[in-house]
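2 protein chains.
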Amino acid sequence: MTNPSLPSLKTRQAVEILNEKGIDLWLTFVRETSHGGDPILPVIYGESSLTWPSALIITRKGKRIAIVGRLEVEAVRATGAYDEIIPHDTGIAAPLRETLVRLDPQQIAVNISRNDVLADGLTWGMYQTLLDILATTPHAFRLVPAEEIIGALNGRKIPVEVGLIRNAVKATAEIFNEVYDHIQPGMTEKQIAGLLHDQVQRRGLEYAWSIENCPIVNAGPASAMGHSGPTDLVLERGQLLHFDFGVKQQGFCSDIQRMLYFLAPGETQPPPEVQRGFDTVIQAIQAAAAAMKPNVLGAEIDGIARAIVTKAGYPEFLHGLGHQLGRHAHDGGGMLGPRWEKYGDLPDRPLEAGQIYTIEPSLFVPGYGVVGVEEDVLLTENGVEYLGEPQTKLILK
Amino acid sequence: MTNPSLPSLKTRQAVEILNEKGIDLWLTFVRETSHGGDPILPVIYGESSLTWPSALIITRKGKRIAIVGRLEVEAVRATGAYDEIIPHDTGIAAPLRETLVRLDPQQIAVNISRNDVLADGLTWGMYQTLLDILATTPHAFRLVPAEEIIGALNGRKIPVEVGLIRNAVKATAEIFNEVYDHIQPGMTEKQIAGLLHDQVQRRGLEYAWSIENCPIVNAGPASAMGHSGPTDLVLERGQLLHFDFGVKQQGFCSDIQRMLYFLAPGETQPPPEVQRGFDTVIQAIQAAAAAMKPNVLGAEIDGIARAIVTKAGYPEFLHGLGHQLGRHAHDGGGMLGPRWEKYGDLPDRPLEAGQIYTIEPSLFVPGYGVVGVEEDVLLTENGVEYLGEPQTKLILK
Chain E
1 MTNPSLPSLK
11 TRQAVEILNE
21 KGIDLWLTFV
31 RETSHGGDPI
41 LPVIYGESSL
51 TWPSALIITR
61 KGKRIAIVGR
71 LEVEAVRATG
81 AYDEIIPHDT
91 GIAAPLRETL
101 VRLDPQQIAV
111 NISRNDVLAD
121 GLTWGMYQTL
131 LDILATTPHA
141 FRLVPAEEII
151 GALNGRKIPV
161 EVGLIRNAVK
171 ATAEIFNEVY
181 DHIQPGMTEK
191 QIAGLLHDQV
201 QRRGLEYAWS
211 IENCPIVNAG
221 PASAMGHSGP
231 TDLVLERGQL
241 LHFDFGVKQQ
251 GFCSDIQRML
261 YFLAPGETQP
271 PPEVQRGFDT
281 VIQAIQAAAA
291 AMKPNVLGAE
301 IDGIARAIVT
311 KAGYPEFLHG
321 LGHQLGRHAH
331 DGGGMLGPRW
341 EKYGDLPDRP
351 LEAGQIYTIE
361 PSLFVPGYGV
371 VGVEEDVLLT
381 ENGVEYLGEP
391 QTKLILK
Chain S
398 MTNPSLPSLK
408 TRQAVEILNE
418 KGIDLWLTFV
428 RETSHGGDPI
438 LPVIYGESSL
448 TWPSALIITR
458 KGKRIAIVGR
468 LEVEAVRATG
478 AYDEIIPHDT
488 GIAAPLRETL
498 VRLDPQQIAV
508 NISRNDVLAD
518 GLTWGMYQTL
528 LDILATTPHA
538 FRLVPAEEII
548 GALNGRKIPV
558 EVGLIRNAVK
568 ATAEIFNEVY
578 DHIQPGMTEK
588 QIAGLLHDQV
598 QRRGLEYAWS
608 IENCPIVNAG
618 PASAMGHSGP
628 TDLVLERGQL
638 LHFDFGVKQQ
648 GFCSDIQRML
658 YFLAPGETQP
668 PPEVQRGFDT
678 VIQAIQAAAA
688 AMKPNVLGAE
698 IDGIARAIVT
708 KAGYPEFLHG
718 LGHQLGRHAH
728 DGGGMLGPRW
738 EKYGDLPDRP
748 LEAGQIYTIE
758 PSLFVPGYGV
768 VGVEEDVLLT
778 ENGVEYLGEP
788 QTKLILK
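So the protein sequences, as listed, match chains E and S.
1 is the number of the first residue of the first sequence in my numbering; add one for each residue after it.
398 is the number of the first residue of the second sequence in my numbering; add one for each residue after it.
Worth flagging that the hints you see were computed from the coordinates, not collected in a lab.
Heads up, a few of these hints could be off.
Cβ-Cβ distance ranges computed for the label pairs, FRET-style [to be verified]:
#1 E:385 <-> S:582: 36 to 44 Å
#2 E:294 <-> S:603: 22 to 30 Å
#3 E:263 <-> S:416: 42 to 50 Å
#4 E:350 <-> S:556: 49 to 57 Å
#5 E:380 <-> S:582: 24 to 32 Å
#6 E:97 <-> S:481: 44 to 52 Å
#7 S:738 <-> E:5: 55 to 63 Å
#8 S:608 <-> E:272: 49 to 57 Å
Sample of chain E residues at the chain S side, in silico, Cβ under 7 Å [to be verified]:
#9 35
#10 47
#11 49
#12 91
#13 95
#14 98
#15 124
#16 125
#17 128
#18 206
#19 209
#20 340
Virtual Cβ for every residue (Gly too), placed ideally from N, Cα, C.
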């Protein structure tokens, strides 16, 4: 007997969550998913795509039903996640309507969410199509957002998911350790990025986000903070070097930032302002990590780290303190963030055991460069566990 | 001076299309696009992702404006496709509203479509957010679907796009030619797929769709027709071998089906029913290709090929005759297909010069296997041009 597939385990977890949340049925309604598709699909279906209009149905009573184009029945069976597979030939309207009428759920959760990208996979067109299909039934009035289901399902990592993310974090640490010795002043950001790219290729890994800015490399004070790719800027002695990098291994990601300082001629330790910037970031990470517990709100954790940075006299960082990590570097759901418009209600969601977060405060030391350190942590009932060795000392070269 | 980027060329083409269609402004509104995002984004922005809520605006008067999170300004600039880049820090509502009020468009086209996946990138949540942002303006009442703009922009390939697809088709033909000699009776479908995988890796290419069923390999009559992956079925003499395979090279795809027959002991040519099945498919392709001209409807072309198959006594194929090809194997927009519910209005769209289609009828020869041949063709003002050498003879082994 082979091990159950991840989609099989996660769809079973979804049944538990439906019971916990008191929702009768969850419907994921997709088509042509090779174009991106619904972001929850890899979790409940896997990596292969669904071409024709398809419905993945999970019920509180434990039914897992897929209605798909006939030519994809075998592909669905291979996922091991659906007990009943209903093929359609020319259109999904009739079998979907019949199935919903047969199951008669009082709530039909669909993938719509203002704030959580992972729970907002239903496009405008598919939503309208669904309303059309249900128009002659009472079910059109039973649609509710699947936001809480998806937030819980994707957030609460099961042990095999945690193990895979831990492996990705381990691979990332190995790559960093491998390249640190090969970085020399005089190299450009692009050349330094190339060292990491070589390692990713040699190890047969993928990137946690698009290769153009994975890694982000910031050499010295002229380098732009943010999500832009490495440039032709040359690393010099007396400068900070900052990496933001992650790999994807067996479908799961890491997301890590690391800091190096290249001593200027005559220096034996970094200038005090560099050390103070680095120490402030580490202190912010440690304080945030110490405060993370189930049921605390993400905004509170963000506030703790943000206050440490601003009280030390630095401008506040223009991003959230951290996000969830999983199949994506930015894995949706609740976050450690300030209550800014762009984050919607995500910072007000209580933390849950099983979630994996990044913690990544940042600041800028004028004349030297970006300071950003990022750790990946698992939230347990008792607090956080670092998924790898955290950086606590500035690496000197 | 470097060549203009593809997104720069395509956003300029979009301006022409806005003028042709009489639409003042086209708004692509996205966030966290690493989760799949809007499928038109690679065309008008490129492969890197946008993290925070972002608006890409193209106007009839030729303005190309991006409103993005401040940390991604440099990444947007690097695309070369936007003349004005407006950063936001905590939320996009104010700058987006101000920009629309300033431009005062009479129509705002947004990415919503019932039928075309490529034109339906706006999720339910982002659509609601947009309505909220525009609630205090007259612009909420000016939203129209961008379906026609996207259909024209993505469909009408510019010469550099045609060249890249031609290259992908060429690479695919080379791979087929390389592996044909290494296929032996006694190999499983999976082993045969492995030969193609080796070639893709060796050449540093990507797959046109997910590796699980790229290639699809059907060895003999017991193999399931459709989008399922290769199995442990063993190829035997006296059987048909069918491939459905495509590569992605520099961001553009091929999608090709090829047929081989493995002569049984004593045979010097395939059995008549095998030859007749193959010839019927080739005849259907050639008749469809000959009828393809600008302004003909996709449903008409599908009907021509479908009638040849059914008049020869075979059941009709349970899929459309062909789809557009580009950055995706299934590239959205109008298609060569029957008027079935699942295809919506796509078969009723007139063909346009510059579009690239697959032509892929199929049938089944009992006792021998699947017969499917697929060619990629460019539609010109004068009819179609095959993008590679079409298969007209059954390959005998």
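Here is how each hint holds up against the structure:
One distance hint, 36 to 44 Å for the beta-carbon pair residue 385 of chain E and residue 582 of chain S, is violated here, with the actual separation near 54 Å. In this structure, residue 294 of chain E and residue 603 of chain S break the distance hint of 22 to 30 Å, their C-beta atoms being roughly 41 Å apart. For residue 263 of chain E and residue 416 of chain S, the Cβ-Cβ distance of about 59 Å falls outside the hinted range of 42 to 50 Å, so the restraint is violated. Checked against the given bound of 49 to 57 Å, the beta carbons of residue 350 of chain E and residue 556 of chain S, roughly 55 Å apart, stay inside it.
For residue 380 of chain E and residue 582 of chain S, the hinted distance range of 24 to 32 Å is not satisfied, since their beta carbons lie about 56 Å from each other. About 47 Å separates the C-beta atoms of residue 97 of chain E and residue 481 of chain S, a value consistent with the hinted range of 44 to 52 Å. Restraint check, residue 738 of chain S to residue 5 of chain E: a C-beta distance of roughly 31 Å breaks the suggested window 55 to 63 Å. The supplied range of 49 to 57 Å is met by residue 608 of chain S and residue 272 of chain E, whose beta-carbon atoms lie about 53 Å from each other.
With 7 Å as the threshold, the beta carbon of residue 35 of chain E comes within range of chain S, its nearest partner Cβ sitting at about 4 Å, so the hint holds. About 6 Å separates the beta-carbon of residue 47 of chain E from the nearest beta-carbon of chain S, less than 7 Å, and the hint is met. Given hint, residue 49 of chain E at the interface with chain S, holds; its Cβ is 6 Å from that chain's nearest Cβ, closer than 7 Å. Proximity of residue 91 of chain E to chain S holds as hinted, the smallest CB-CB distance being about 3 Å (cut-off 7 Å).
At a threshold of 7 Å, the smallest CB-CB gap from residue 95 of chain E to chain S is about 11 Å, leaving the interface hint violated. Interface hint status for residue 98 of chain E: violated, as the beta-carbon distance to the closest one in chain S is roughly 14 Å, over 7 Å. Contact between residue 124 of chain E and chain S, as hinted, is supported at the beta carbon level, the nearest pair being about 4 Å apart and thus within 7 Å. Hint status for residue 125 of chain E relative to chain S: holds, with the closest Cβ pair at about 4 Å, below 7 Å.
For residue 128 of chain E, the interface hint holds, the least distance from its beta-carbon to any beta-carbon of chain S being 6 Å, beneath 7 Å. Nearest Cβ of chain S to the Cβ of residue 206 of chain E: about 11 Å, over the 7 Å cut. The hint is violated. For residue 209 of chain E, the interface hint holds, the least distance from its beta-carbon to any beta-carbon of chain S being 6 Å, beneath 7 Å. The beta carbon of residue 340 of chain E is positioned within 7 Å of a beta carbon in chain S (closest approach about 4 Å), and the interface hint is therefore held.
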